[in-house]
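Undergrad: The primary structure of each chain is shown beneath.
Number of protein chains: 2
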Amino acid sequence: VAEGAVSKVAIVLDFGGTQLRAAVIDRDGQILHREAVATKNQAGPAVVVGQMADISTRMIALCDVREIAGVGLCSPGPLDIGQGLIVHAPTIRDFTNVPVVRMLEEHLGRKVLLEGDAIAAACGEWKFGAGRGVDNIVYMTVSTGLGGGVISDGRVLYGARGLAGHIGHMKIFADGERCGCGNPGCWEAYASATNFTKRARVALGEDISAKEVFAGAKTGDVRAQELVDQQADYLGIGMVSCLHLFNPERIIIGGGMSNALDQLMPGIMKRINADAMPAFRDVEILRAGLGDNSGLLGTAQLVFSRIA
Amino acid sequence: VAEGAVSKVAIVLDFGGTQLRAAVIDRDGQILHREAVATKNQAGPAVVVGQMADISTRMIALCDVREIAGVGLCSPGPLDIGQGLIVHAPTIRDFTNVPVVRMLEEHLGRKVLLEGDAIAAACGEWKFGAGRGVDNIVYMTVSTGLGGGVISDGRVLYGARGLAGHIGHMKIFADGERCGCGNPGCWEAYASATNFTKRARVALGEDISAKEVFAGAKTGDVRAQELVDQQADYLGIGMVSCLHLFNPERIIIGGGMSNALDQLMPGIMKRINADAMPAFRDVEILRAGLGDNSGLLGTAQLVFSRIA
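In the order they appear, the protein sequences are chains A and B. Sequential numbering from 16 applies to the first sequence in the numbering used here. Sequential numbering from 16 applies to the second sequence in the numbering used here.
Treat the hints with caution; some may be incorrect.
[What the hints assert, rightly or not] Each computed DMTMM-like pair below joins lysine to aspartate or glutamate, with the alpha-carbon atoms no more than 20 Å apart: (1) 285(B) <-> 190(A); (2) 23(A) <-> 82(A); (3) 285(A) <-> 41(B).
In case anyone wonders, no lab produced these hints; they're calculated from the structure.
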């Protein structure tokens, strides 16, 4: 193949508290190389950013004759995109106000794009996964927390500081349960996997896992089924609001909780059919299609659309 | 002035249950003519659409040498923008599934644009009112109901069927008060002027008006002040969610309730400072600047950006 015929690639990192993933991805969403290392989450920011630089350098070396469109990083937050800062990464030791963009750019001698992990995953699903072909998506990731990213009218929703789409911190019971963010009544404080497990442990005993509750419900355990129904209803409540706020064609659910979507769907649809205005009910609710790769693929998409 | 130097104008109608307003507006937001008639809200759709056609014809005649860019209509809803239908206009008799766009186009021999009144007002404030100069606005109109329109990243938020931004039907107490839309717990069911008055009448007697409650609070009436504080808190609760969802630079409040914004601001800010995550708190809350003309000016803006 002549060099001119080889399409550009993006070098992308998906930074998480447990794993640091990296990949070389082309414009079509083909993952040409992929690697993951355990995040040294107790070693401090210098070591962790060193891991990012090392893995990027390896990926760049693997590109051979391919031209590199840019380097992208998605990260948990809050972030300050304008300043290239990770303001705080909750599950990584001392990771506060880390100027990760400047640090990586100095290391690599290339421009680095920073994006929130939920927005990146939303983009990945939109371009390459369960959101292909529509212009209005609410992506939600339900695991430790409840994160989100919104595609509206064919564009990523950013807002003034790139912080739009924090759907998990929409209030559903205004003065209710205290959320991890410190405030009362957030959707996350009810519908995250963490809070599901918490309720299950109160009801069924300290050792039970979310997985076991779903398994129990499947075999006809009434108390497990009640917990699943309650969880589905909490998910449905916030989805009703998302329908009225964003009028999406699809709601796409990622994160660990999405593995149980089949069992949750009846309860979710019950709440939507009861409480959403008729014109808004015409929505598909789908499980995310890209698994662990949604953040990588979405970050690549953002590199191509913004840098390249 | 040579004819070529005269800018195009838009003919716009703002259709409400009480008044039908019409205007001729130029690209700069200058209102060249303006007229309002009482909506014949008990006379049926044919008569009401006849009023719209008549007032449009008068406005067109007034344009003289000016070239007409297009005709626009904003209306309460729900609407079906794609079909040019007013699905239902709640306060106007028999106004259900009225194909207002086709009816007006046949009458006028011109293309007619239809938009929701809250989106139109949001656009008006954005381009010519309290929202000038920023790209991210949540506009809310608080009167009989609680309507909204969102400008995000410099664009009107539409969603799949043009129904995004129904912020009044975001749930704030998921299984709480029944809303006019039929569903429980909507923001509107707490923070609309109707519900404020309802609470005041329970607390202070059947004859009291919203205006009197605000006047009472001003003169130190403790029970009136409690009602005002409660109302401000309900407004603040939904605003906190709007901050996390849309990350706006400004929240702009129109509708009758906005006349009391000075008295409501302390309670609104108390809730925002207590419950919004720090990065989202940096928002201006402003009273709408265009009064009765926000819908007309916004509809003109939409005519110029979409038809012209």
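Undergrad: Now tell me, hint by hint, if it's right for this structure.
TA: Tested hints:
1. 285(B) <-> 190(A): holds, 14 Å
2. 23(A) <-> 82(A): Distance of about 5 Å is within 20 Å: holds.
3. 285(A) <-> 41(B): With a Cα-Cα distance of about 49 Å, the restraint between residue 285(A) and residue 41(B) is violated, given a limit of 20 Å.
The structure fails hint 3 only (numbered hints given earlier).
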